[in-house]
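> As a plain string of letters, each chain reads:
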Amino acid sequence: MDWNDRGLVIGVRRLGETSVILEAMTERHGRHLGVVRGGRSRAMQPTLQLGNSLELIWRARLEEHIGVFAVEADDLRAGRLMASQMALQGLHWLSALLRLLPERDPHARLYAMADALAAHLDNPNVAPELMVRFEMAVLADLGFGLDIASCAVSGSCDELAYVSPKSGRAVGRAAGAPWADRLLPLPAFLSNGVDAGAVSDADVEAGLRLTWHFLRRDLFGPRGLESLVAVREIFAREVRRALENQR
Amino acid sequence: MAERVAGPEIERLIQLLARLPGLGPRSARRAALHLIRKREELLGPLADALAVARAKIVICSTCGNIDTSDPCNLCRDSRRDGSTLVVVETVADLWALERAGATRGRYHILGGVLSPLDGVGPKDLNLAHLPTRVRDDGVREVILAVNATVDGQTTAHYIVDLLSGLDVKVTRLAHGVPVGGELDYLDEGTLSAALRQRTAV
Numbered sequence: 000m001d002w003n004d005r006g007l008v009i010g011v012r013r014l015g016e017t018s019v020i021l022e023a024m025t026e027r028h029g030r031h032l033g034v035v036r037g038g039r040s041r042a043m044q045p046t047l048q049l050g051n052s053l054e055l056i057w058r059a060r061l062e063e064h065i066g067v068f069a070v071e072a073d074d075l076r077a078g079r080l081m082a083s084q085m086a087l088q089g090l091h092w093l094s095a096l097l098r099l100l101p102e103r104d105p106h107a108r109l110y111a112m113a114d115a116l117a118a119h120l121d122n123p124n125v126a127p128e129l130m131v132r133f134e135m136a137v138l139a140d141l142g143f144g145l146d147i148a149s150c151a152v153s154g155s156c157d158e159l160a161y162v163s164p165k166s167g168r169a170v171g172r173a174a175g176a177p178w179a180d181r182l183l184p185l186p187a188f189l190s191n192g193v194d195a196g197a198v199s200d201a202d203v204e205a206g207l208r209l210t211w212h213f214l215r216r217d218l219f220g221p222r223g224l225e226s227l228v229a230v231r232e233i234f235a236r237e238v239r240r241a242l243e244n245q246r
Numbered sequence: 000m001a002e003r004v005a006g007p008e009i010e011r012l013i014q015l016l017a018r019l020p021g022l023g024p025r026s027a028r029r030a031a032l033h034l035i036r037k038r039e040e041l042l043g044p045l046a047d048a049l050a051v052a053r054a055k056i057v058i059c060s061t062c063g064n065i066d067t068s069d070p071c072n073l074c075r076d077s078r079r080d081g082s083t084l085v086v087v088e089t090v091a092d093l094w095a096l097e098r099a100g101a102t103r104g105r106y107h108i109l110g111g112v113l114s115p116l117d118g119v120g121p122k123d124l125n126l127a128h129l130p131t132r133v134r135d136d137g138v139r140e141v142i143l144a145v146n147a148t149v150d151g152q153t154t155a156h157y158i159v160d161l162l163s164g165l166d167v168k169v170t171r172l173a174h175g176v177p178v179g180g181e182l183d184y185l186d187e188g189t190l191s192a193a194l195r196q197r198t199a200v
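Residue numbers (numbering that gives the first Met the number 0), protein chains in the order written: chain A, 0 to 246; chain B, 0 to 200.
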């Protein structure tokens, strides 16, 4: 058995003294594990850092085996991202989200979004919006997608301003006004397409609050992954700090 | 099943040696045979040294170093520069820096790095009394000598935040071209870090 694919490093675990088990989010083969022989060598360690994009060849005698990866660097972005606290926390969070996916289940759209997000995690103008969109996509792929195409009350597609924290459905500005304090604000970039980089700080805050509510309620809480809550909170804090520093 | 060729005591010795880094079952067998052959010159003194080390080794309550006294030799050495504190991940890193002789500062050993995905948080590291130490010992510069890995740098950023309210300069090791390194073989991350941190000559 063998295949080749592109992959994003989302985890590395030691295996013996010289090898590692690489966990990668691949384009066509989903979240996939494999042994990298010599993965702990000085030459391989820069390549096997979280967030790096790799060309992978996977080989195994049987499909159910863990198999062995042959690894070649594609985009070694981890070194650049290390300079930014926001980017580092974003990398941890991105990896934690991808680890929620079942193994070997292809999610090509999530891979593409994760790869683009990892490449821009040190840019506070685009990273928060990309993260919110990515979190929405993770929720959708795991069966907890939000329905923000039309108003749950009126059916209208115009002036969508809120999301119900219970049903995850969008609510229009007029229909939701009486319950505004109990609804989650829907950021403009999710309702009516704002140019990348033109997203307001308030929209970023609303987006992070929106997805976090559903991620925690539907994915992290039921799976007992509360220890990862801090990672998301630090990421959100660093986003705010990076946006403040830009002003 | 193959018959045992040695008694249980020797088999136990081989099994324990095989747990050491760099040794597999076959090399452990060779090492055990070598020790047995040199019983008087090597096996006896080694056993004595291991017993003494086991009895005397303590973790320094000040810096986290391994030594046979608490505080450790480095913390007791009055010739060291108390105004500089070098934060390292492990004792192996401290030994590497001491081999290089690049600093006369004091050390603080974290005992690992933050790794949220592996469940290693700040409470699992020797971080709690770092701010107190910096404040009480009159430290003017904290050098973050952690590895240039994602987890190492996450830890570095955390420490920067932890010390942000204190009147202390926090620096970190430069990332760049190693001695003998060829640019053609360096990864892009190291190259761009080296370019960003270039110095005037």
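The set of hints was computed from the structure by calculation and includes no laboratory data.
From a predicted model like this one, the values you see are computed outputs, not experimental measurements.
We put the CB at the ideal spot given by N, CA and C, even for glycine.
One thing to keep in mind: the hints can contain errors.
SDA-like cross-link-like pairs, simulated, lysine to any residue; straight-line CA separation at most 20 Å [stated by the list, open to error]:
#1 B:LYS168 to A:SER83
#2 B:LYS122 to A:GLU225
#3 B:LYS122 to A:LEU224
Pairwise CB distance ranges, derived in the manner of DEER restraints [claimed, not checked]:
#4 A:ILE65 to B:LEU19: 22 to 28 Å
#5 B:ASP166 to A:GLY144: 46 to 52 Å
#6 A:ALA107 to B:SER82: 43 to 49 Å
#7 B:ALA30 to A:GLY15: 14 to 20 Å
#8 A:ALA42 to B:ASP135: 40 to 46 Å
#9 A:LEU224 to B:SER82: 48 to 54 Å
> Each hint: holds or not?
How the hints compare with the structure:
no.	hint	in the structure
1	B:LYS168 to A:SER83	19 Å, holds
2	B:LYS122 to A:GLU225	16 Å, holds
3	B:LYS122 to A:LEU224	18 Å, holds
4	A:ILE65 to B:LEU19: 22 to 28 Å	26 Å, holds
5	B:ASP166 to A:GLY144: 46 to 52 Å	50 Å, holds
6	A:ALA107 to B:SER82: 43 to 49 Å	55 Å, violated
7	B:ALA30 to A:GLY15: 14 to 20 Å	18 Å, holds
8	A:ALA42 to B:ASP135: 40 to 46 Å	43 Å, holds
9	A:LEU224 to B:SER82: 48 to 54 Å	43 Å, violated
This entry does not satisfy hints 6, 9, going by the numbered hints stated previously.
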